[in-house]
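Peer 1: Chain A is already provided as a structure; the job is to place chain B on it using the hints.
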Amino acid sequence: VSWTQWRKLKSNILVVLCGGAVVLALIPLAFVLFFVVGQGISSLNWNFFTHMPAPVGEAGGGMANAIVGSLMVTGLGALFAIPIGVTAGMYAAEYAGSRLASTVRFAADTLNGVPSIVIGVFVYGLVVLPFKQFSALAGGVALGVMMIPIIARTTEELVKLVPTALREGALALGASRARAVWTVVLPAALPGIITGIVLALARIAGETAPLLFTSFNNRFFTTSLTQPISTLTVQVFTYAISPYEDWHRQAWAGALVLVTIVLLCSIIARFATRRLERMH
Amino acid sequence: MAKDADRSFRLVTGFVALCVVALVAGIGVELYRESTLSVQKFGFRFWMTDIWDPVSGEFGARPFIWGTLYSSVLALVLATPVALGIAIFLSELCPASLRTPLTFLTELLAAIPSIVYGLWGIFVLVPFVRQLQVHTPDFMRALPFFSGPPLGVGMMSAAMILAVMVIPFTSSVAREVLKAVPATQREAAYALGATRWEAIQTALFYARTGIIGAIMLGFGRALGETMAVTMVIGNTPRIALSLFAPQYTMAAVIANEFTEATDDLYVHALVEIGMVLFIITLFVNVLSRALIWQMNRQPKPRAKAATAVPAAAGGAA
Numbered sequence: 001v002s003w004t005q006w007r008k009l010k011s012n013i014l015v016v017l018c019g020g021a022v023v024l025a026l027i028p029l030a031f032v033l034f035f036v037v038g039q040g041i042s043s044l045n046w047n048f049f050t051h052m053p054a055p056v057g058e059a060g061g062g063m064a065n066a067i068v069g070s071l072m073v074t075g076l077g078a079l080f081a082i083p084i085g086v087t088a089g090m091y092a093a094e095y096a097g098s099r100l101a102s103t104v105r106f107a108a109d110t111l112n113g114v115p116s117i118v119i120g121v122f123v124y125g126l127v128v129l130p131f132k133q134f135s136a137l138a139g140g141v142a143l144g145v146m147m148i149p150i151i152a153r154t155t156e157e158l159v160k161l162v163p164t165a166l167r168e169g170a171l172a173l174g175a176s177r178a179r180a181v182w183t184v185v186l187p188a189a190l191p192g193i194i195t196g197i198v199l200a201l202a203r204i205a206g207e208t209a210p211l212l213f214t215s216f217n218n219r220f221f222t223t224s225l226t227q228p229i230s231t232l233t234v235q236v237f238t239y240a241i242s243p244y245e246d247w248h249r250q251a252w253a254g255a256l257v258l259v260t261i262v263l264l265c266s267i268i269a270r271f272a273t274r275r276l277e278r279m280h
Numbered sequence: 281m282a283k284d285a286d287r288s289f290r291l292v293t294g295f296v297a298l299c300v301v302a303l304v305a306g307i308g309v310e311l312y313r314e315s316t317l318s319v320q321k322f323g324f325r326f327w328m329t330d331i332w333d334p335v336s337g338e339f340g341a342r343p344f345i346w347g348t349l350y351s352s353v354l355a356l357v358l359a360t361p362v363a364l365g366i367a368i369f370l371s372e373l374c375p376a377s378l379r380t381p382l383t384f385l386t387e388l389l390a391a392i393p394s395i396v397y398g399l400w401g402i403f404v405l406v407p408f409v410r411q412l413q414v415h416t417p418d419f420m421r422a423l424p425f426f427s428g429p430p431l432g433v434g435m436m437s438a439a440m441i442l443a444v445m446v447i448p449f450t451s452s453v454a455r456e457v458l459k460a461v462p463a464t465q466r467e468a469a470y471a472l473g474a475t476r477w478e479a480i481q482t483a484l485f486y487a488r489t490g491i492i493g494a495i496m497l498g499f500g501r502a503l504g505e506t507m508a509v510t511m512v513i514g515n516t517p518r519i520a521l522s523l524f525a526p527q528y529t530m531a532a533v534i535a536n537e538f539t540e541a542t543d544d545l546y547v548h549a550l551v552e553i554g555m556v557l558f559i560i561t562l563f564v565n566v567l568s569r570a571l572i573w574q575m576n577r578q579p580k581p582r583a584k585a586a587t588a589v590p591a592a593a594g595g596a597a
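Sequence order for the protein chains is A and B.
Using the working numbering, read the first sequence as starting at 1 and increasing by one per residue.
Using the working numbering, read the second sequence as starting at 281 and increasing by one per residue.
These aren't lab readings, by the way, just hints derived from the structure by calculation.
Watch out, some of these pointers could steer you wrong.
What the hints assert, rightly or not - Cβ-Cβ distance ranges computed for the label pairs, FRET-style:
(1) B:ASP333 to A:ILE194: 48 to 56 Å
(2) A:PHE271 to B:GLY337: 54 to 62 Å
(3) B:GLY308 to A:MET52: 39 to 47 Å
(4) A:GLN133 to B:VAL309: 20 to 28 Å
(5) B:GLY337 to A:THR50: 45 to 53 Å
(6) B:PRO424 to A:PRO55: 45 to 53 Å
Beta carbons: idealized from backbone N, C-alpha and C, even for Gly.
Looking at chain A on its own, in the form it has when it is part of the complex:
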């Protein structure tokens, strides 16, 4: 083989290998989805959503309390994170050149990289220890801390996409910066910000580690903010590491619900982002 032929051959082989890498990465994705759907669907029924967990040895039962708990804790997290995240992101976009803006960007990226279990320990010290009580509130704070950087960074990116002419128009009409942001920039960026929030929800709804010792777990139905509360993820974990067949089935059903929620949110967010990017 001549040198040129060898170079061409090598090029082709490596190009094929790169394509192979994509296939290789999609194999586990297909396997995970296949098993979650396959195992989950057989255990998923209406009772799963309306019934309480069944005691060991009893078939059936559901995760009604955990589903409500997950909704509550995630909702609380969003409640904490949205005002802080959106405002911080807006600051970073509006005063993009300032030192604080780059510090905030850096802090958000750093916070995004902090392991979720460490966030759990932090919130344990911050909320659980002072009140001497695991609580839905603590779980909400933990998830909120994780959502803040995601919301802040997406808000920043999307506020930056709002055409400068819009903002300048408002300012030229004599509006203050606050008014320009509030009445012109924010409404223009709103669909994007909502997309960012959905994306953050998708990322956070599946979190387990930060909830293990903040919202903890609860065998009973509760909507109290100051009581430990059951969540889908923690419940799936508890069931998965248990030795009982019935519980394993419940865990797969829980995983299916989780994956469905997370994938739906991701897909919605993705399509919305695509449309936004094309709009601007």
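Peer 2: Below, chain B without anything else, positioned relative to chain A:
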């Protein structure tokens, strides 16, 4: 006055923005405050000894550091070639019509919750790995890397699952970085008669800082990953080279033992592990961001500036 309104607007939003910064600092302070007992009692010895015996109050965290580093390095070895292959394929080779769906699919890997990976790990991957280990030929079993009984749970399962979870992060950042390489680089290579791969090599070389950053970002993810690893690594605090051996990681020991920790010293020992995990991931992340940032800052005549590392790498941002 609009000027006053402007100033107060900046003050208020700036204050909230500052909260995000304070949050990061707050995590450090809180972790330090909650770990003083163990830091004072054991000092540096905490990280040099292997005995983890909560009953007698003996805490040595070296096996956890080992398990975390070993599993993350192994995951990196498995994930990096695949992630780079994906990044190269999607940014350089892929037909335009396939690019969007394939990007979306590879990023879905990052969307699947850790707990779901863990569940799948316990019931699908671990039995598979056990079979793999049972059928390992004897001459390989003689090597220290493959010694010990075939349990399924252990370092091999953990590294494999971590690799899958890290791939989307590394590949999405590497793709952004490759996108930022000026087209002139590749055109110049082609003009000199380079093959397709040689042109890619030129782009890779140009992007090397950013690519190292992308790999480190994946490493940071692997270090802190908790649930999936906890469920498949076997949770045994012992330093072993063998891929078959059940081991333990820093994140996993916190997840498993935190709510069981009854006395203060035990809790503080666990928080100290959390603090060090925080410091290590902070260091790795800052370094990787710095590398990626430096790469994006280089003058690029024709390419559109790559967006800063998306906060939601793997997400849609």
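Peer 1: Now tell me if each hint is right for this structure.
Peer 2: Verification of the hints:
1. Look at ASP333 (chain B) against ILE194 (chain A): about 51 Å separates their beta carbons, and that is inside 48 to 56 Å.
2. A beta carbon spacing of about 55 Å between PHE271 (chain A) and GLY337 (chain B) agrees with the range 54 to 62 Å that was offered as a hint.
3. Remark: the range hint 39 to 47 Å for GLY308 (chain B) to MET52 (chain A) is upheld by a beta-carbon distance near 41 Å.
4. Separated by about 22 Å at the C-beta atoms, GLN133 (chain A) and VAL309 (chain B) satisfy the suggested range of 20 to 28 Å.
5. Look at GLY337 (chain B) against THR50 (chain A): about 47 Å separates their beta carbons, and that is inside 45 to 53 Å.
6. In this structure, PRO424 (chain B) and PRO55 (chain A) meet the distance hint of 45 to 53 Å, their C-beta atoms being roughly 46 Å apart.
The structure agrees with every numbered hint stated previously.
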